[in-house]
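Residue numbers (our numbering), protein chains in the order written: chain V, 235 to 766; chain Y, 235 to 766.
Read the hints as simulated data drawn from the structure, not as lab findings.
Some hints could be false.
Identical copies go unnamed one by one, so any copy, or any two together, can satisfy a pair.
Unchecked claim - Here are the simulated DMTMM-like cross-link-like pairs (lysine to aspartate or glutamate), alpha carbons at most 25 Å apart as the crow flies:
no., residue 1, residue 2
1, LYS744, ASP653
2, LYS245, GLU609
3, LYS648, ASP248
4, LYS547, GLU401
5, LYS577, GLU551
6, LYS236, ASP653
7, LYS497, ASP591
8, LYS339, GLU652
9, LYS750, ASP690
These numbers come from a predicted model, not from an experiment.
One-letter residues, chain by chain:
Number of protein chains: 2
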Amino acid sequence: MKTIYFRDFRKTGDDAYDLRAALEACRDEGAKRLVFDRNTYEINSDRCFERSLNVSNHGWNGPHRIAVLIENMKDLELDFSGSTLVCRGEIMHFAFLFSERITLKNVIIENPQTGCVQARVVSNGDGFTDLEVTHGKEQLQIRRGMPFSVRQGCLIPLLTNVEFNGESGAIERGTADNTLNPSPGELDFEMLSNGLMRVHHVKRCPPIGNYLVFLFTHRFSAGIFCEGCTGLCFKNVTVTSCYGMGLIAQLCKDITLDNFSTKRSGGRMYTANADATHFVECSGEIRVENCSFEGQLDDALNIHGIYTRIVEKSGRELFLKEMHKDARGIRIIGKGDRLSILKPDTLLPYTEITVSDVEYINSDIIQIVANESLENVCAGDDAENISHTASLVFRGNTVRDNRARGMLIAAKGKVLIEDCFFSTSGSAILFEANGEYWFESGGTSSVEIKNCIFKDCRHGLWGNAAIECAPRKAVEPEKYFHREIVITGCSFCGSATQISLDNSQRAVIKNNTGCKTPVLSHIGSVEADNND
Amino acid sequence: MKTIYFRDFRKTGDDAYDLRAALEACRDEGAKRLVFDRNTYEINSDRCFERSLNVSNHGWNGPHRIAVLIENMKDLELDFSGSTLVCRGEIMHFAFLFSERITLKNVIIENPQTGCVQARVVSNGDGFTDLEVTHGKEQLQIRRGMPFSVRQGCLIPLLTNVEFNGESGAIERGTADNTLNPSPGELDFEMLSNGLMRVHHVKRCPPIGNYLVFLFTHRFSAGIFCEGCTGLCFKNVTVTSCYGMGLIAQLCKDITLDNFSTKRSGGRMYTANADATHFVECSGEIRVENCSFEGQLDDALNIHGIYTRIVEKSGRELFLKEMHKDARGIRIIGKGDRLSILKPDTLLPYTEITVSDVEYINSDIIQIVANESLENVCAGDDAENISHTASLVFRGNTVRDNRARGMLIAAKGKVLIEDCFFSTSGSAILFEANGEYWFESGGTSSVEIKNCIFKDCRHGLWGNAAIECAPRKAVEPEKYFHREIVITGCSFCGSATQISLDNSQRAVIKNNTGCKTPVLSHIGSVEADNND
């Protein structure tokens, strides 16, 4: 097996540029492995790759800088030997595009400049709190008391702040977003001459020693981005910090994460700026095993498709619209794909069609031609690509101390969540899907949650129960959004509602401890036994 | 000659979509003309074209919406029969990409939502002025007294304001940018309950009845964008308003503008948001005749190349960097091109090289291989592509009442400016080129300014004379940036300096009236005769 060693290409003093040469050599020489010496590689964005990308759930289409680009390649293993890859600012560590059977292993991903600001609570006064900014100060601009991050001359407003307990590192008990004031627009930021930052109009003074992390509204990049790939494997990959999500994969098939972790370092209470992992319109099997997710500023895992709205029907043609700005420009429908058509309020499919032709008019509008008559299809309803169906194995993982939820499950294939530990301030597992705002699809067919520990989940305000099905706006008698949810052998502790299931044909809740009385609504058949 | 009529394609009620079908028919059927009935066509951006574009001097790379896209086409005439093409917001009216022999005629371009705000001065108080916002109010957001335009959730700061005299429509005499306060960051904007907008901390209260136009910092689109085309002709084209420049052409050869105008309408004192016309790295002949330019919020015409900086030399390889953000991502160098290498302070070339290979590393860095030894080439110096050399005929045109200058001339080919009328608040003709900030190149070879009228030019603060050469930071004895500037038969009036030439091998100033005593420095030979 031909192996190429990066050390043989470190010639110019610019690792970004030398990486380009090394990857070209892999391609030219048909090498199957690219091996790096254990080291810290600092990637200067000046000479790194660039591609125009539409990254789902990041919402910023256009040119993106990329440290390591794997594009149209096959059968390659990148072994960083435990190295740290440091990027600064708006740059992706890795992009895997339209490639097959690629493995990335033994690498630590770090980005100290991700548009986040972390501050330690030093003291509190009457309606104000004084903070020591420990991270991200150079990315902060205050104009007339309002905090912004700045990108290419545009001001990016504050999205929210979250609060970490200074001792435990957990999300401060009972808090969620905007811990200083539920109306963050009222806050007034001031840099004091002693170097501290004072925030005025604080409604709830945070405990001294706690850490506040301020997030701004835009996700201009991601840690690892994957599109159109088959057979990706990530082994021993640690994200200490990155712009946007840790790993976002769209339109990929078969992905394995083995010991992929978000892990705090450098005094940061946060890791990825957004979700740790996120899978959109994927198919095949997604395996996530032996992973640990902490400190990410959104969910640990989210898996879903994308609903589009039928804006017009004309003969056998449909005009479909990407309804959420973060889904724009992604080529989610191909010739031959099978679409399910459903009502936005119930998300229940009422017919299926096959795509015989597709044209992307622009980032928003997809024009398709159907094989079938569209007599029954109504404009105003939603469409979902059911040819992209992924199953998920989530086993032996730990999720803790992050903003928002643990997992958002909207995978149409078989889902197994086994031997995991959750300690999340929001819901640990949320069955989410939404046809009217986020447009993240869809319903599940078979979900098994087995032998997991849920420790004090949902002590904050994100969600309503440790395991929860988000309700639909409307239901139909004897029709269900989910087919089967099985929860067995799990252990729950904490004061919140533990299980709240809705809109499933079958629910099995057996042999669990501490799950209290499950809240159940619109369930076809329930088997609830031997819980205590 | 096969003609296609747009009326035959107006079927769906969506002109953007029907245009797509009509243009496809032109291509499929080899039609030479696409003719529109005289009408007002409102283009809904929902279904219009989209391309990822890097538009010079606009600085916003990525996806752009386009109402009419001519791409890889040949020998086509678009005749709008006097129609008005209305677009709203961030959308280009026309993009001509990699096409040959295309004519656009008889069209009026209008965009009522270009991120500009116009307001009429209603009254003045002690340090404040009250304004009636007449245009663009829906694009304005005021946060804590600061005005912004908003794009995809980002706040776009105020760039400047200009002031038009309410009676004459000219730029208010003696003013330039920021007429209310030279430090616009001190201004405080407030929407009063009576619907007026009050601006506090005004240092100079504007005359009642004058109009203020507020511009924001970013140019997210353009009226007409051309790239990589040969043989474009624009005849009877009127821009009443557009986002960004009226017409921006880059890397094109042979362009004719005949009766291309920027013209006010709808109560707007401004027309294009930026330059009326702009030519970058073009070649062949640019002809601009019988045109009228008024109200544009930057120069009437700017023609130049782009200097890149040599950031590294390695054997026969050079790494060139795009130095200005508005030049990023434009493919200005091709195989076989001839580059001139010059010192940034003098902009005097000291050697030439031929490009045998070129790779675009990303939007910033271009890696080239030279045919020749690079022994004499120094990193830190600038490079200019001299294979892109355009001549310019600017004849029978009127330029008046716009922000900034009339013409910025940095064309390396022959330049003839004849029978024109200029009444500009800044310099009418500025020989600009800059190797240290804008990086707009280059020196001229032969310029003739003949039988033109300069009426009260440069009464404001943009530039130093009606006709002016911007000085270089350094000069060398007996070496010159310009080769020959001839000014004959022109008539000047106004109190400003009329002619200020610098750094030209030869200057001829003959048979002019009212030009006072020209200011001349570092000129090889001067012929100044028969002026009064």
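Taking 25 Å as the upper bound on the Cα-Cα distance, should LYS547 and GLU401 be classified as within, between, both, or neither?
neither (58 Å within a copy, 53 Å between copies)
If the cut is 25 Å between Cα atoms, do LYS577 and GLU551 qualify within a copy, between copies, both or neither?
within (19 Å within a copy, 60 Å between copies)
Are the CA atoms of LYS339 and GLU652 at most 25 Å apart within a copy, between copies, both, or neither?
For LYS339 and GLU652, the Cα distance is within 25 Å only inside one copy (24 Å; across copies 68 Å).
Identical-chain pair category, LYS236 with ASP653, by Cα at 25 Å:
neither (38 Å within a copy, 71 Å between copies)
For the identical chains here, do LYS648 and ASP248 meet the 25 Å Cα criterion within one copy, between copies, both, or neither?
For LYS648 and ASP248, neither the intra-copy (45 Å) nor the inter-copy (43 Å) Cα distance is at most 25 Å.
Classify it for me, LYS744 with ASP653: is the Cα-Cα distance of at most 25 Å met within a copy, between copies, both or neither?
For LYS744 and ASP653, only the intra-copy Cα distance (16 Å) is at most 25 Å; the inter-copy one is 92 Å.
Under a CA distance limit of 25 Å, which applies to LYS750 and ASP690: within one copy, between copies, both, or neither?
within (13 Å within a copy, 86 Å between copies)
With 25 Å as the alpha-carbon cut-off, assign the pair LYS245 and GLU609 to within, between, both or neither.
This pair counts as between: shortest inter-copy Cα distance 21 Å, intra-copy 65 Å.
Checking LYS497 and ASP591: alpha-carbon separation at most 25 Å within a copy, between copies, both or neither?
Close neither inside one copy (45 Å) nor across copies (44 Å); limit 25 Å.
Violated hints, in rising order: 3, 4, 6 and 7; the structure is consistent with all others.
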